[in-house]
Amino acid sequence: MSGIPPPWTAKRELLAKSEAETDPSFGCSPDERPYPDMLRFGVINLDKPPGPSSHEVAAWVRRLLGVKQAGHGGTLEA
Amino acid sequence: MGKAAPRREAGGSRRDLRGLDEPSGEGNPKVTGVLPVALEDATKVVHALLGSGKEYVCVMRLHQDVPEDRVRTVLGEFQGKIFQRPPIRASVKRQVRVRKIYALDVLEVNGRNVLFRVGCEAGTYIRKLCHDVGEVLGSGAHMHELRRTRSGPFTETADIVTLHDVAYLHGEWQKTQDLGILRKFVQPMEKALELLPKIVVRDSAVDAVCHGAHLTAPGVVSVDTGIEPRTETCVYTLKGEAVTLATATMETQEILRKSHGVVARNNRVLMPRGTYPKLWHTKQEA
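Residue numbers (this note's numbering), protein chains in the order written: chain W, 1 to 78; chain S, 1 to 286.
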C-alpha cells in the first residue's frame, strides 16, 4: 500500500487577491445559458453502451442532437 | 428517467454481474460506463478530461483455480506505481510506462471470477492489468467485463444518461421547447473542468485572454490553493464561465503577492472573442 491519493479527492480553497464586480450586461452564468449556447458549450455525461466504439457513440450523439461537432473525453474501449 | 436504477442495458444474455457463468464467455469483453461527450465549442475541454483520473469496476476471469487469499494478495500488490506495457491493440506506443494505481479493492471472488474496483491514472489499460495479474498468479487471467465508474469529475452516480435517455429527452424537448428538459442531460462545459485549480479574473481582463494574451497579475481576482509552477489551471469569469485553460508560471502565494507580470500562460481559449467588451488598446488606437 503506497497510498497515492486520487486527483479527484484534492481539496482546494479560493483565496481573494482583489475585489471586483461583474457587469451583468454581458456574459452569462453557465447554468443559465440560452438555447443555442447551452448546446454549444455543453457536455453530456453519457453511459456508453457495450458494442459500439467511443467514436461511434460520439457520432450518434452528434447526429441525434443535430450539432456540428461532438467529441468524447477519453476512449473507453475493450 | 429512473436514475437510481442500475444502468446496464448490456443487452443479450448477461444482464448483470451474477450471470457470468453463461457460455457466451469468450470474445469481446463488454465495456460500458462513463463516457463524457462534449458538444461543438465544448470539444476543447476534452483536452482537460484526457489526462484525468479514472475509476473502473472490472470482472477478471482466472484461467485456473487460485486460492482466494492469494488472488487478494497479488491484486493488492498492484497498488501504487506499476509498470505497464500497453497491449498489442493500443492507441499509444508500446513502451513500458509507469502508471499510478490509487486504489484496487477486491469486491468479490466467486470461483474464477474476480470483481474489483480500481482507481487509476489516465492511460492505464485494465485489460493489460488483468493479463499481468494472471502472469503473477501463474494461472493466466483476462478482463471479462469492464465498467468505467469515473472519468475525472464525471461519475456514474451523478447526472449520467444513456443514449436512450438522450434520444427520448431530445424528442421531448423538440415537442415542448422546454429548456429544462435539455438541461436534464446537457451540462455546462464548466463541469468537465471542475477538478482543475481555478483562477478568477475581472471582466476587463476577459477579452484580452480570449484573444490569446497570457494572464497577468492585475487581472486576477482570486486564486485556488495548491497551484505550483506548470500546474494546469482554468481561468474563470466572476460569473463562473470558463475562459481558457492556462499553465501557471508561479505558485498560489506568489500570484497573490504579485502586482504585475504573467501569472499563467494561455493554452486553449474556450470562450469566443467578443463575449466580453474589449477594454485594452492597440498601438493604433492609443
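Treat the hints with care, as some may be off.
[To be verified] Below 20 Å or equal to it, Euclidean Cα-Cα: the simulated EDC-like pairs (lysine to aspartate or glutamate) are:
no.	chain 1	residue 1	chain 2	residue 2
1	S	K198	W	E13
2	W	K17	S	E254
3	S	K191	W	E32
4	S	K258	W	E13
5	W	K11	S	E232
6	S	K184	W	D31
7	S	K30	W	E32
8	S	K191	W	E77
9	W	K17	S	E228
10	S	K198	W	E21
11	S	K184	S	E194
12	S	K239	W	E77
13	W	K68	S	D41
14	W	K11	S	E251
15	S	K81	S	E108
16	S	K258	W	E19
17	S	K191	W	D23
18	W	K11	S	D41
19	S	K283	W	D37
20	S	K184	W	E32
21	S	K93	W	D23
22	S	K128	W	E77
23	S	K198	W	E77
24	S	K278	W	E13
25	W	K17	S	D105
26	W	K17	S	D41
27	W	K11	S	E194
28	S	K239	W	E21
Calculated directly from the structure, the hints in this document are not laboratory data.
(message) For K93 of chain S and D23 of chain W, compute the direct alpha-carbon distance and say whether it is at most 20 Å.
(response) violated, 49 Å
(request) Would you check the hint for K128 of chain S and E77 of chain W, treating anything up to 20 Å between C-alpha atoms as holding? (result) Status holds; Cα separation ~12 Å.
(request) For the pair we were handed, K68 of chain W and D41 of chain S, check the Cα-Cα distance against 20 Å. (result) Distance of about 9 Å is within 20 Å: holds.
(request) Take a quick look at whether K239 of chain S and E77 of chain W sit within 20 Å of each other, Cα to Cα. (result) Roughly 37 Å between the alpha carbons, so the hint for K239 of chain S and E77 of chain W is violated.
(message) So if I understand the rule, the pair passes when the alpha-carbon distance is 20 Å or less; does K184 of chain S with D31 of chain W pass?
(response) Holds, at about 11 Å.
(message) Tell me if the straight-line CA distance from K283 of chain S to D37 of chain W falls inside 20 Å.
(response) violated, 33 Å
(message) Hint check: K81 of chain S vs E108 of chain S, CA-CA at most 20 Å. Holds or violated?
(response) Not satisfied, since the Cα-Cα distance of roughly 24 Å exceeds 20 Å.
(request) Measure nothing beyond the straight line between the CA atoms of K198 of chain S and E21 of chain W; if it is 20 Å or shorter, mark the hint as holding. (result) This hinted pair holds, its Cα atoms lying about 17 Å apart.
(message) Against the 20 Å threshold, does the CA-CA distance of K258 of chain S and E13 of chain W hold or violate the hint?
(response) Holds, at roughly 19 Å.
(request) Take the C-alpha atoms of K17 of chain W and D41 of chain S, compute the straight-line distance between them, and say whether it is at most 20 Å. (result) violated, 30 Å
(message) Holds or violated: K11 of chain W and D41 of chain S, Cα atoms, limit 20 Å.
(response) violated, 29 Å
(request) Decide if the proposed pair is consistent with the structure: K17 of chain W and D105 of chain S, CA atoms, cutoff 20 Å inclusive. (result) violated, 42 Å
Taken one by one, the earlier hints fail for this structure at numbers 7, 8, 12, 15, 17, 18, 19, 21, 23, 24, 25, 26, listed in ascending order.
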